[in-house]
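Peer 1: Numbering (numbering that gives the first Met the number 0), first residue to last: 0 to 525.
Some hints here could point you the wrong way.
Once the Cα atoms are required to be at most 16 Å apart in a straight line, the calculated EDC-like pairs of lysine to aspartate or glutamate come out as [stated by the list, open to error]:
1) 100 - 52
2) 96 - 431
3) 122 - 98
4) 508 - 210
5) 508 - 408
6) 325 - 298
7) 279 - 210
8) 100 - 87
9) 96 - 298
These are computed hints drawn from the structure, not numbers from a lab. No experiment lies behind these values; they were computed from the predicted model shown.
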Amino acid sequence: MIFLEHFFEQSASRTPDAVAVDDDGATMSYGALEAYANRIAHYLIAAGVEPNDRVCILMEKNAGAYAAVLGILKSGACWVPLGSGQPEERLRQLVEKIDPKTIITDASTIGEAITIRDALGPKIPLLVLGSEDSNAGESIGSESNLATHLTKKPDVTSRSPDDLAYIIFTSGSTGMPKGVMVLHRNIVQFLDICHGVFGIEEGSRFAHHSDLTFDPSLFDLFYGWSRAGTIVPFNKPSFRINPLRFLQNSRANVWFSVPSAIASLVESGGLSDPALNSLKHLILGGEMLTGNLVRSWYDAVPDSTIYNVYGTTETAIISHCYRVPKDIDPNSPVPVGKVLPGFRVRLMDGNRLAPPGGVGECFDYGSQLSAGYWSNEAETKARFVEDPLHSRLPQVWYRTGDLLRLRSDGVYEFVGRSDTQVKIRGHRIELEEVEFALENHPLVAEAAVVPSGPKGKPNEAWLVAFVAGREGVTDDLLRRHLEDRLPRYMVPIDFIIEPLMLPRNANGKIDRPLLAERVSEENPQL
0 MIFLEHFFEQ
10 SASRTPDAVA
20 VDDDGATMSY
30 GALEAYANRI
40 AHYLIAAGVE
50 PNDRVCILME
60 KNAGAYAAVL
70 GILKSGACWV
80 PLGSGQPEER
90 LRQLVEKIDP
100 KTIITDASTI
110 GEAITIRDAL
120 GPKIPLLVLG
130 SEDSNAGESI
140 GSESNLATHL
150 TKKPDVTSRS
160 PDDLAYIIFT
170 SGSTGMPKGV
180 MVLHRNIVQF
190 LDICHGVFGI
200 EEGSRFAHHS
210 DLTFDPSLFD
220 LFYGWSRAGT
230 IVPFNKPSFR
240 INPLRFLQNS
250 RANVWFSVPS
260 AIASLVESGG
270 LSDPALNSLK
280 HLILGGEMLT
290 GNLVRSWYDA
300 VPDSTIYNVY
310 GTTETAIISH
320 CYRVPKDIDP
330 NSPVPVGKVL
340 PGFRVRLMDG
350 NRLAPPGGVG
360 ECFDYGSQLS
370 AGYWSNEAET
380 KARFVEDPLH
390 SRLPQVWYRT
400 GDLLRLRSDG
410 VYEFVGRSDT
420 QVKIRGHRIE
430 LEEVEFALEN
440 HPLVAEAAVV
450 PSGPKGKPNE
460 AWLVAFVAGR
470 EGVTDDLLRR
480 HLEDRLPRYM
490 VPIDFIIEPL
500 MLPRNANGKI
510 DRPLLAERVS
520 EENPQL
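Using the sequences plus the hints, can you model the full thing?
Peer 2: So, in structure tokens, the structure goes:
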């Protein structure tokens with residue numbers, strides 16, 4: 000049986016002296032990280048943690064957090080990342096919902112952990128990494144407690160590939176986050192096929208760009224470790240302001256992020272920096288990728304390869320991949336590619352298959368399909384459904400809510416979200432189509448379009464475009480640009496031009512809910 004942590008352990012056995020983590024020059028070898036993780040695992044087992052118990056991590060990206068992830072997995076438990084800096088009430092709700100056996104934290108986040116733990120009544124044990132004070136407080140374990148535990152891997156016999164590996168929360172339609180339950184066999188299936196898809200060289204340096212609460216972290220860490228690679232955490236506020244500084248320091252070979260993170264390099268003129276030549280593999284997903292951005296990157300870094308990927312947390316990170324050719328049409332969106340091995344896809348138009356070349360909602364089936372949402376039967380039933388064509392078959396499919404198109408060559412194109420379709424004067428509009436048209440203007444770095452209008456009066460709705468524009472861009476210029484390319488009903492009424500970049504959420508994506516709030520604040524009658 001193969002479990003998620005085995006991808007690290009195999010490299011630790013083969014290359015114990017290789018560097019597993021390089022945090023701005025502070026390194027930890029595979030052997031040292033293995034021993035650290037084993038001590039954490041023994042500590043958790045001694046504390047009563049069993050397979051499928053949940054253990055939360057409230058830490059920034061660093062070697063201690065990585066040891067905690069591995070230690071939880073080695074104990075047989077399920078790891079649940081919590082995002083430091085999130086609103087206290089949200090964190091409290093997540094911890095209450097998960098009911099963890101332990102929260103692992105460190106000196107930089109212990110204040111948040113204690114506040115959350117104390118707000119929940121019965122005290123949840125804390126393990127504080129990096130603390131040598133064994134009397135740090137009631138129900139608190141410290142680094143000194145770990146010293147008494149073995150550095151060899153514990154023998155946990157009562158395990159199954161159907162055990163929970165991790166739970167990651169995504170936004171929920173009810174306002175409460177949904178905890179996606181990913182089993183060991185789901186994520187192992189994905190990692191098993193990664194080398195055939197990406198072919199990344201052994202010993203590569205993997206930038207860990209995403210927050211631990213965002214599932215691309217699983218790719219960065221475990222695919223990186225499976226290649227005996229070095230994880231380089233993107234963990235300083237200055238890096239978010241200036242990603243080029245990180246690339247100059249990290250010498251990263253592999254980068255996985257949303258496209259807008261790379262677009263900021265283009266806008267800052269960073270593509271001329273020789274530090275980018277170390278980047279050999281650029282994996283982009285989570286947002287629509289434009290051919291114009293790809294061509295700009297390839298012109299500057301011709302020896303690299305760009306992959307445009309598509310997937311969901313519910314399908315273990317990636318389900319489609321497209322290796323982007325250097326001669327991609329700069330005026331077209333980039334396809335999301337072909338389906339990974341082990342997946343089946345249906346594009347549904349209502350209760351029928353979408354016609355060839357038509358747009359349909361994507362339904363996924365395969366061994367990467369997760370087990371549903373933690374303690375949320377209603378949402379699980381709504382999204383994990385019977386075969387949309389053959390309801391009598393005992394198969395569970397995931398209804399993504401995404402709209403895709405299948406080309407005649409077997410390549411899929413992402414069109415938009417079924418739940419972001421809006422209707423303006425009776426016409427259905429994909430907001431991504433308007434955004435793509437805006438981003439094709441040479442003075443537009445990025446764009447986001449949100450609907451607006453009086454509450455309860457859909458016939459009076461209109462569109463508002465937020466644009467990060469270069470010098471010289473104006474409302475009139477953008478309006479004329481769109482009127483030449485789109486029907487009049489798709490042209491936004493208002494244009495809000497930002498000087499640098501649009502606001503981001505914790506995962507680096509454009510913060511669309513925040514933009515919608517801004518529209519509501521400026522139009523209080525909405």
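Peer 1: Just pull the numbers of the violated hints for me, sorted ascending.
Peer 2: Hints 2, 5, 7, 8 and 9 are the ones this structure does not satisfy, whereas the remaining hints hold.
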